[in-house]
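J.: For chain A, the structure is supplied; the task is to place chain B on it using the hints.
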Amino acid sequence: GENVEQHPSTLSVQEGDSAVIKCTYSDSASNYFPWYKQELGKRPQLIIDIRSNVGEKKDQRIAVTLNKTAKHFSLHITETQPEDSAVYFCAASKGGYQKVTFGTGTKLQVIP
Amino acid sequence: KAGVTQTPRYLIKTRGQQVTLSCSPISGHRSVSWYQQTPGQGLQFLFEYFSETQRNKGNFPGRFSGRQFSNSRSEMNVSTLELGDSALYLCASSSAGETYEQYFGPGTRLTVT
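For the record, the sequence lines run as chains A and B.
Taking my numbering as reference, the numbering of the first sequence is continuous, increasing by one, and the terminal residue is 134.
Taking my numbering as reference, the numbering of the second sequence is continuous, increasing by one, and the terminal residue is 573.
So here's chain B without its partners, still in its complex pose:
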């Protein structure tokens, strides 16, 4: 099976702009989670989607949002970008059955200037 893919891999944006990141899970996986990875804060949970529904959300401001489509692909959006949003954004998919293994995508490196 193909692994988790994310697009774009790199992105440079200016403060105040908005950005949309995309994640395609492993075929058959219905759960997609998003994480922000920074050197100072490590891996922080953003939100998780299953069957187009957000089931859980981390402690991030409302500028961070997401959605999932019927084919399980997911997008996350960050509006009004701040310098502190510069990070590696990772998505992970799992089958959300009895096994909980998550498989990560390569990430999108977002730089806000």
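Bound-form chain A, shown alone:
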């Protein structure tokens, strides 16, 4: 089955700096890669996603890149703010039957 590895497990950055979280996946048939943000005590929230026919996608301060050949994708957050502090999960799916495999999460701390 699909295996998703996520690094780093923890990340501390100064406010205003950029943060990058990286994930690799094992199943070349995966075609949908969402990212979720989970604040303490809250539900995971979809923040951005990318499909395998796209190499990069941006939404304001957040961007995701995908390298299908290397089977890795990354989340980039620019101009980080304290409210960006949360656990971020990457995931991979072949779509259709909605089986989504999650990475182990990255705890991001933005230091004011």
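Please note: incorrect hints may appear among the correct ones.
[As the list claims (entries may be wrong)] Cross-link-like lysine-lysine pairs, in silico, DSSO-like; alpha carbons within 27 angstroms at most: (1) A:Lys80 - A:Lys90; (2) A:Lys80 - A:Lys129; (3) A:Lys93 - A:Lys44; (4) A:Lys64 - B:Lys473; (5) A:Lys116 - A:Lys79; (6) A:Lys116 - A:Lys129; (7) B:Lys517 - A:Lys121; (8) A:Lys59 - B:Lys517; (9) A:Lys93 - A:Lys129; (10) A:Lys59 - A:Lys79; (11) B:Lys517 - A:Lys93; (12) A:Lys59 - A:Lys90; (13) A:Lys59 - A:Lys116; (14) A:Lys44 - A:Lys64; (15) B:Lys517 - A:Lys64; (16) A:Lys90 - A:Lys79; (17) A:Lys116 - B:Lys517; (18) A:Lys90 - A:Lys129.
[What the hints assert, rightly or not] Some chain A residues flagged as far from chain B (calculated, every beta-carbon gap over 10 angstroms): (19) Asn25; (20) Lys44; (21) Ser48; (22) Ser50; (23) Ala51; (24) Leu62; (25) Thr91; (26) His94; (27) Glu105.
For the record, the hints were derived by calculation from the structure and aren't laboratory data.
We treat Cβ as the ideally placed atom computed from N, Cα and C, and that holds for glycine.
T.: Leaving out everything else, chain B in the frame of chain A:
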């Protein structure tokens, strides 16, 4: 639209008991997935239902089961509870069309003593 709702939000059970959790998806969403979230294992896929049919299942023992009703509401059941079943159980719904976005409920925090 109202978001995904789950009941109950918190539950304390004793080993050996059984428990039923409920999930109401976003109106119009026909796919419901269930996940177990623990600090050590992260988010683990349990199963997914679409139009009352289980389409996919994760690697959990048979004590974990689920079902979906004609209105897309879903329940999951855990029988013969073990201490290791203590976790946050999340459900997520999606329209299961060409878009795959899943939207999570607030979860049910199950504690087994």
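J.: Need the list of violated hint numbers for this structure, in ascending order.
T.: The structure conflicts with no hint, since it agrees with every one listed earlier.
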